[in-house]
Amino acid sequence: MKLKVNGTEHEVDVEEDMPLLWVLRDELGITGPKYGCGIAQCGACTVHLDGVAAKSCQVWAVDAVGVEVTTIEGLGTPEALHAVQAAWIEHQVAQCGYCQSGQIMLAASLLSDSPSPTDDEIDDAMSANLCRCGTYPRIRAAVKSAAAKLQEA
Amino acid sequence: MGRLKTIARRTFLIGSAAVIGGVAFGVYTYRKPAANPLEDGLAQGEAALTPYVKIDADGITLITPRADVGQGAYMVQAALIAEELDVRLDQITADPGVPSAAYYNGTVAAEGFPLAATDDGLIARTGRGAADVAGKLLGLQLTGGSSTVPDAFEKLRVAGAVARATLLQAASAETGIPVDQLSTKDGAVVLPDESTLAYTALAATAAGIEPVQEVALKDPSEWRYIGKEMQRLDIVAKSTGTQEYGIDLQMDGMVHATVKCNPRMGGEMISYDATEAEAMRGVKRVVPITGGVGVLADITCRAFQAAEAVTFEWGEAPYPADDAAMWEQVAASFTADHQDSRFKDEGDVDAMEVAVEAEYRIPHLAHAPLEPMTATVLLDGGRLDIWTGTQIPRFMQVNAAKLAGLDAAQVHVHVLVSGGSFGRRLEDDYVLQAVELAMAEPGVPIKLTWSREEDMAHDFPRPLQMARARGAVSGGQVTGFDLGIAAPSVAASQLARLGQPAMGPDVAIVAGAWDQPYRIPDYRVTGYRVPPMVPVSSWRSVGASGNGFLHEGFLDELLHAAGADPLDERLRLCWHEPSRRVLEAVGEMSNWGDALPEGRGRGLAFTLSFGVPTAEVVEVTATERGIRLDQVYVACEVGRVIDPVNFDNQVKGGVIWGLGHAMMSEVTFSDGMTEQLNYDGYPGMRIYQTPEIEVRALETDALRGIGEPSVPPAAPALANAIFAATGQRIRELPLNKSVDFI
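Which chain is which? The protein sequence lines are F and E, in order.
For our numbering, count along the first sequence from 1 and bump the result up by 221.
For our numbering, count along the second sequence from 1 and bump the result up by 197.
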């Protein structure tokens with residue numbers, strides 16, 4: 222089947238029900254999305270499907286056909302950061318960092334839906350993902366900061 | 198700061214060594230020479246050098262041997278070296294180096310016997326065992342016990358300073374300009390005409406110069422990095438998905454593997470049937486290993502799926518099969534023959550008039566770092582390579598060598614960044630499994646990845662604990678406090694797996710309880726050792742993680758029974774000035790004493806652990822839907838803050854860790870198996886539950902670690918706040934067995 226990831230078409234030969242997460246990681250070598258739980262609890266695998274955050278461990282490969290898949294690598298790069306990534310760096314959110322690809326993808330999706338979210342809206346949306354290090358205070362600050370930057374732009 | 202001379206005589210002998218194309222600077226171990234891990238190109242007789250700075254034509258590498266499991270250890274270690282070496286942090290590469298006895302953790306190994314009463318890290322507990330353990334500890338390259346900063350603070354700065362001074366000598370030798378007319382800036386020697394010679398260009402000359410021994414360390418007022426906010430070295434990579442973790446490793450010809458072992462930890466595999474699994478797409482082999490099987494496949498996903506298709510007959514658990522049986526064993530351990538320690542015994546608690554009696558329980562808890570256990574291993578001829586995230590590279594090297602029938606020198610450990618640990622990576626079980634698989638498939642790199650379910654089923658949890666407490670009050674004061682704590686020994690369980698002896702009492706059973714700075718007329722803390730049950734391990738803040746709740750929960754009961762104010766009476770009881778200061782600070786931060794509206798409550802708790810007195814106030818509201826956490830105030834006397842950002846992260850992270858587990862986490866057993874196999878059954882705190890957290894550091898010249906001390910007071914501060922808001926006293930964790938949270 223054909224998958225379009227970060228703007229590039231890939232031909233992959235996988236089972237239709239293989240979770241997109243593993244197609245990305247093991248077939249395509251795109252390792253920004255992380256495996257943490259496999260059951261939609263942690264959100265470390267969060268990617269965008271047509272711009273909307275989704276937990277890639279719950280998406281069948283076949284259901285990603287014909288969809289624009291974006292991973293953290295496609296959101297921005299160290300040389301060309303997305304505003305959310307820049308805010309994550311400015312606020313030094315990461316500790317172990319393992320959940321942060323997913324947190325950033327979730328935040329970017331939230332801000333494209335809701336450009337100036339309230340504190341409660343940030344908490345509601347970001348509660349879909351888990352951080353074991355406890356970086357939540359900095360996630361809150363970084364989301365607000367990214368929202369402000371995106372509003373200016 | 199004093200001249201280095203004094204320091205050097207006491208502790209350090211600085212050396213250098215030529216390495217291919219450059220020079221390595223380091224510190225000679227002073228008790229026992231250790232072979233130099235940077236052996237290539239070393240001259241004879243220089244084997245005792247501990248390299249921390251390596252400069253060659255390719256650049257400047259700072260060796261940061263303490264593992265980074267998210268706590269920012271690479272950053273802190275690199276900053277200490279860079280401070281004196283005079284380089285910018287964007288000019289260096291931090292490298293964890295290779296396992297070596299040279300990187301022993303000297304805070305305890307060399308300076309720590311007998312260990313400070315307040316330190317209950319793994320090493321400290323080990324060190325209490327017997328003098329002959331000390332020799333083995335000299336090779337202890339271990340990250341834990343909040344020890345990275347205390348161990349590294351002088352050693353790494355000295356390494357940087359000596360390297361800088363020697364590079365100045367090299368520049369002088371090359372230019373003929375006296376050293377006193379040279380200076381340094383940003384990785385280069387600056388000549389009087391303001392032209393520069395890069396360190397990298399001077400490295401070869403520096404290698405031929407006897408390192409300068411007498412250097413002055415900078416005065417703290419001149420510090421460029423220490424105490425200032427720094428950008429973490431890994432922050433861009435961790436914000437762009439480009440940080441490589443162990444689970445991300447890719448190699449040509451790599452085989453992806455997972456394991457499925459007896460979910461009754463340590464139980465045997467009686468039989469298995471892999472017929473269906475071996476017929477599945479992508480599956481190469483199913484290999485029996487100790488206690489289970491490994492599944493080798495072309496990709497991880499197919500290995501996971503095939504592992505589910507293997508059927509097993511498992512042996513029984515080598516411990517009581519469920520929580521009821523375990524609690525029975527714990528409850529039966531409050532006897533003289535199980536008594537493990539009575540480090541605190543003042544006055545006469547047997548003669549006191551008992552006003553309050555209570556029993557407390559805390560459950561097993563898993564570490565459950567978000568990156569599951571993973572290791573890549575390649576056995577090729579007489580060489581074994583291991584790539585993994587670990588806190589114990591040296592132990593792992595020895596254990597892997599033994600398993601593979603090799604010498605330790607034939608085992609090469611490459612330490613990778615970890616997606617969390619919280620103490621889990623003080624074990625090497627997952628690595629040894631990968632070695633077993635590599636032995637079955639020599640010549641092929643094998644990446645073992647655990648499923649979350651496998652990870653939770655074999656987590657080596659924090660032990661469950663029970664406390665029986667009695668106390669006395671009189672005239673508005675707490676006058677008697679008798680706390681007995683029964684728990685299995687983490688030290689005995691964990692050290693046995695590391696191949697180390699554990700002798701004497703296990704301080705972890707009472708850490709954070711027996712060593713609290715209160716003066717109570719009749720005051721006793723007794724540890725009872727429960728016979729081994731489930732294998733248990735160190736969990737962020739170790740013994741104090743649970744004992745904070747036991748001590749401070751019961752003390753709060755006594756304070757209320759006495760009719761005393763929890764802050765005022767703690768201050769009256771506390772003899773230790775730094776502890777009094779943090780209590781006073783948290784009182785001021787929280788406006789302690791100001792009235793709160795109906796339904797709201799403040800709880801205070803204090804624990805001195807890892808030498809860091811930490812006081813926390815939690816504010817909650819009892820709503821119709823349950824308890825809401827509103828605000829947390831934390832004050833701690835931490836010594837020196839190396840990096841304010843990292844300090845803030847560690848303290849707040851520890852509070853969230855402590856609160857989240859206290860609210861809703863437990864590991865229970867049924868039929869010998871862990872019942873919580875994923876984050877649905879073992880939830881962590883989510884952002885919507887996270888209160889505002891305000892932190893104040895009281896700084897001194899002391900050196901402390903901050904990765905753990907904010908954990909122990911969090912649970913009791915919350916329980917005490919719930920009591921203040923609702924009148925409900927909760928003596929069992931997790932708290933959501935007794936109240937709902939929103």
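Keep in mind that the hints were calculated from the coordinates and are not lab data.
Don't be surprised by glycine CBs; every beta carbon is placed ideally from N, CA and C.
Hints should not be assumed to be uniformly reliable.
[To be verified] Going by beta-carbon spacing under 10 Å, a handful of chain F positions derived as facing chain E:
1) Gly257
2) Gly287
3) Val288
4) Ile310
5) Pro336
6) Pro338
[To be verified] Here are some of the chain F residues that sit facing chain E, going by a computed Cβ distance under 10 Å:
7) Met222
8) Gly228
9) Glu237
10) Asp247
11) Tyr256
12) Cys258
13) Thr292
14) Thr298
15) Cys320
16) Gln321
17) Asp344
18) Cys352
19) Cys354
20) Ala374
[Stated by the list, open to error] Derived lysine-lysine pairs resembling DSS-like cross-links, with alpha carbons at most 30 Å apart:
21) Lys370/F with Lys425/E
22) Lys425/E with Lys481/E
23) Lys425/E with Lys223/F
24) Lys425/E with Lys365/F
Results for each hint:
1. Interface hint at glycine 257/F: satisfied, since its Cβ lies 5 Å from the closest Cβ of chain E, which is below the 10 Å cut-off.
2. At a threshold of 10 Å, the smallest CB-CB gap from glycine 287/F to chain E is about 22 Å, leaving the interface hint violated.
3. The criterion of a C-beta within 10 Å of any C-beta in chain E is not met by valine 288/F, whose closest approach is roughly 19 Å, and the hint is violated.
4. At a threshold of 10 Å, the smallest CB-CB gap from isoleucine 310/F to chain E is about 5 Å, leaving the interface hint in force.
5. The interface hint given for proline 336/F is broken, as the beta carbon of that residue sits about 19 Å from the closest beta carbon of chain E, more than 10 Å.
6. Interface restraint check for proline 338/F: the shortest CB-CB distance to chain E comes to about 12 Å, outside 10 Å, so the restraint is violated.
7. The beta carbon of methionine 222/F is not positioned within 10 Å of any beta carbon in chain E (closest approach about 15 Å), and the interface hint is therefore violated.
8. Residue-level restraint check for glycine 228/F is violated (minimum Cβ-Cβ distance to chain E is 16 Å; threshold 10 Å).
9. Residue-level restraint check for glutamate 237/F is violated (minimum Cβ-Cβ distance to chain E is 12 Å; threshold 10 Å).
10. With a cut of 10 Å, the hint placing aspartate 247/F at the interface with chain E holds, because the nearest CB-to-CB distance is about 4 Å.
11. Among the interface hints, the one on tyrosine 256/F holds; its C-beta lies about 7 Å from the nearest C-beta in chain E, closer than the 10 Å criterion.
12. The beta carbon of cysteine 258/F comes within 5 Å of a beta carbon in chain E, closer than 10 Å, and the hint placing it at the interface holds.
13. At its closest, the beta carbon of threonine 292/F sits 7 Å from a beta carbon of chain E; the interface hint therefore holds under the 10 Å criterion.
14. Given hint, threonine 298/F at the interface with chain E, holds; its Cβ is 6 Å from that chain's nearest Cβ, closer than 10 Å.
15. Hint status for cysteine 320/F: holds, given a least beta-carbon distance of 5 Å to chain E, under 10 Å.
16. Interface hint at glutamine 321/F: satisfied, since its Cβ lies 6 Å from the closest Cβ of chain E, which is below the 10 Å cut-off.
17. Among the interface hints, the one on aspartate 344/F holds; its C-beta lies about 4 Å from the nearest C-beta in chain E, closer than the 10 Å criterion.
18. Interface hint at cysteine 352/F: satisfied, since its Cβ lies 8 Å from the closest Cβ of chain E, which is below the 10 Å cut-off.
19. The beta carbon of cysteine 354/F is positioned within 10 Å of a beta carbon in chain E (closest approach about 5 Å), and the interface hint is therefore held.
20. Contact between alanine 374/F and chain E, as hinted, is not supported at the beta carbon level, the nearest pair being about 19 Å apart and thus beyond 10 Å.
21. This hinted pair checks out: lysine 370/F and lysine 425/E have alpha carbons roughly 26 Å apart, not beyond 30 Å.
22. With a C-alpha separation of about 53 Å, the suggested pairing of lysine 425/E with lysine 481/E is violated against the 30 Å cut-off.
23. Only pairs whose Cα atoms come within 30 Å are accepted, and lysine 425/E paired with lysine 223/F is rejected, the gap being roughly 50 Å.
24. Restraint check for lysine 425/E and lysine 365/F: the C-alpha separation of about 24 Å stays at or below 30 Å, so the hint holds.
The structure fails to meet hints 2, 3, 5, 6, 7, 8, 9, 20, 22, 23 from the earlier list, while all remaining hints are met.
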